[in-house]
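Model the placement of chain S on the given structure of chain R, informed by the hints.
Each chain, written out:
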Amino acid sequence: MQITDSDRRLLRHLQADPDITMAALAERAGMTAATATRRLEKLRRGGILKATRARIDWAALGYAVEVSLRFTLDKTDPRAFDEFIAEARNVPEVHEIQTFLGRVDVRLNILARDMAHYQEIYRDRILTLPHIADIEALMHVADIKLDEALPL
Amino acid sequence: MTDLDETDRALLRALAADATQGAGALGRRFGLSQPAAWRRIRRMEQAGILAGRKVELNAAALGFGVTVFLGVKLASKGRVSLEDFERAVTAIPEVQTVQHVLGMYDYRLRVVARDLSDFERVLRRRIMTLPGVGNVEANVLLSEERRPGPLG
Chain R
1 MQITDSDRRL LRHLQADPDI TMAALAERAG MTAATATRRL EKLRRGGILK
51 ATRARIDWAA LGYAVEVSLR FTLDKTDPRA FDEFIAEARN VPEVHEIQTF
101 LGRVDVRLNI LARDMAHYQE IYRDRILTLP HIADIEALMH VADIKLDEAL
151 PL
Chain S
1001 MTDLDETDRA LLRALAADAT QGAGALGRRF GLSQPAAWRR IRRMEQAGIL
1051 AGRKVELNAA ALGFGVTVFL GVKLASKGRV SLEDFERAVT AIPEVQTVQH
1101 VLGMYDYRLR VVARDLSDFE RVLRRRIMTL PGVGNVEANV LLSEERRPGP
1151 LG
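The listed protein sequences correspond, in order, to chains R and S. So the first sequence is numbered by this note's numbering: it starts at 1 and just counts up by one. So the second sequence is numbered by this note's numbering: it starts at 1001 and just counts up by one.
Extracted from the complex, chain R is given alone in its bound form:
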């Protein structure tokens, strides 16, 4: 799908302020509301604008502990990635699964109510995952920037 400069402008403003009204968005992007609506719909259908999601504050929900676990897998077994990820999906506290090219193979983001809860998840659900060669933990302290915006 062809993406024009006007599309990028629309997405840039929408990304900066996802609660913006269509009228205000159209004005900022320098087009009519009808054009903005039509373009956004096209971007949605084309899979460029994938979703508008609610941001959940896990700490406010009672999940005060967030830990990033970085795994090196035993890659002598060709099924290591698939089996590890399939098992990790069964752990409800796993919030993100990412795979990498680099020193880290897989990263799991874990949410827990407190340190005791984290320790329980770590012992009973994480250490029992298959094909783990090594684990490192990074404990989340604060989000300094979290908008995840693209530099359009």
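Be careful, since some hints might not be right.
Stated by the list, open to error - Restricting the straight-line Cα-Cα distance to at most 16 Å, the calculated cross-link-like pairs of lysine to aspartate or glutamate (EDC-like) are:
1) Lys1073/S / Glu1086/S
2) Lys50/R / Glu1086/S
3) Lys1073/S / Asp1084/S
4) Lys145/R / Glu1086/S
5) Lys50/R / Glu148/R
6) Lys50/R / Asp1084/S
7) Lys145/R / Asp1084/S
8) Lys1054/S / Asp57/R
Unchecked claim - Where chain S lies over chain R, by a calculated footprint (3+ residues, C-beta under 8 Å):
9) 12–22
10) 43–50
11) 94–100
12) 122–134
13) 141–152
Keep in mind the hints are simulated off the structure, nothing from the lab. Cβ coordinates follow ideal geometry from the N, Cα and C atoms, glycine included.
Below, chain S alone, put in the same frame as chain R:
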């Protein structure tokens, strides 16, 4: 506030998937009147659990083919203030998220670039020149999966 019932959790899951749904549509889906659904959503907003919205874009289709996670260790924490580093790093457009962490790194950054040579430019000109930056580890993102987490 953790006294959410099953209906609240279902609303949260639905809004995390698509925040453009109104209280009327959500109410019909979960067997609530429009005002009842609205009151529940409002209550979770006031408790800070629903913390705004975010737009999810197709980075690859918009020309950002590479996402890299960087683990950054500060070289001299005693002298360089964390604020200097944080101020400078959050101003880099290609840096999408910055997390302060505890462990073998001090910060975890999510960086987007057009391709690997563009990433090299960002790394050399913008990241390595940050005040106080020490050891940097890069892992190129291959795949990413967001799970409902403890709501699921």
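Legend entry - Within 8 Å of chain S (C-beta), three or more residues of the segment 12–22 of chain R: That given contact holds, which follows from 4 residues of the segment 12–22 of chain R lying within Cβ reach (below 8 Å) of chain S.
Legend entry - Restraint check for Lys1054/S with Asp57/R, where alpha carbons must lie at most 16 Å apart: Cα-Cα ~13 Å, so holds.
Legend entry - Hinted pair Lys50/R and Asp1084/S, Cα distance within 16 Å: This hinted pair is violated, its Cα atoms lying about 35 Å apart.
Inset, instruction - Please work out if Lys50/R and Glu1086/S have their alpha carbons no farther apart than 16 Å. - result: violated, 30 Å
Legend entry - Per-stretch coverage check for the segment 43–50 of chain R, three Cβ contacts closer than 8 Å to chain S: holds (count 5)
Inset, instruction - Take a quick look at whether Lys50/R and Glu148/R sit within 16 Å of each other, Cα to Cα. - result: holds, 14 Å
Inset, instruction - Examine the segment 141–152 of chain R: at least three residues should have C-beta closer than 8 Å to a C-beta of chain S. - result: As far as the segment 141–152 of chain R goes, the hint holds, because 12 residues have Cβ atoms under 8 Å from chain S.
Legend entry - chain S over the segment 94–100 of chain R, status - at least 3 residues with CB closer than 8 Å: holds (count 7)
Inset, instruction - Decide if the proposed pair is consistent with the structure: Lys1073/S and Asp1084/S, CA atoms, cutoff 16 Å inclusive. - result: Judged against 16 Å, a Cα distance of about 14 Å means the pair holds.
Legend entry - Given pair status - Glu1086/S, Lys1073/S, alpha carbons within 16 Å: holds, 13 Å
Inset, instruction - Mind checking the alpha carbons of Lys145/R and Glu1086/S for me, to see if they're no more than 16 Å apart? - result: Measuring from Cα to Cα gives roughly 9 Å; hence the hint holds.
Legend entry - Claimed coverage, the segment 122–134 of chain R by chain S - three or more beta carbons nearer than 8 Å: That given contact is violated, which follows from only 0 residues of the segment 122–134 of chain R lying within Cβ reach (below 8 Å) of chain S.
Going down the numbered hints, you'll see the structure goes against 2, 6, 12, while the others check out.
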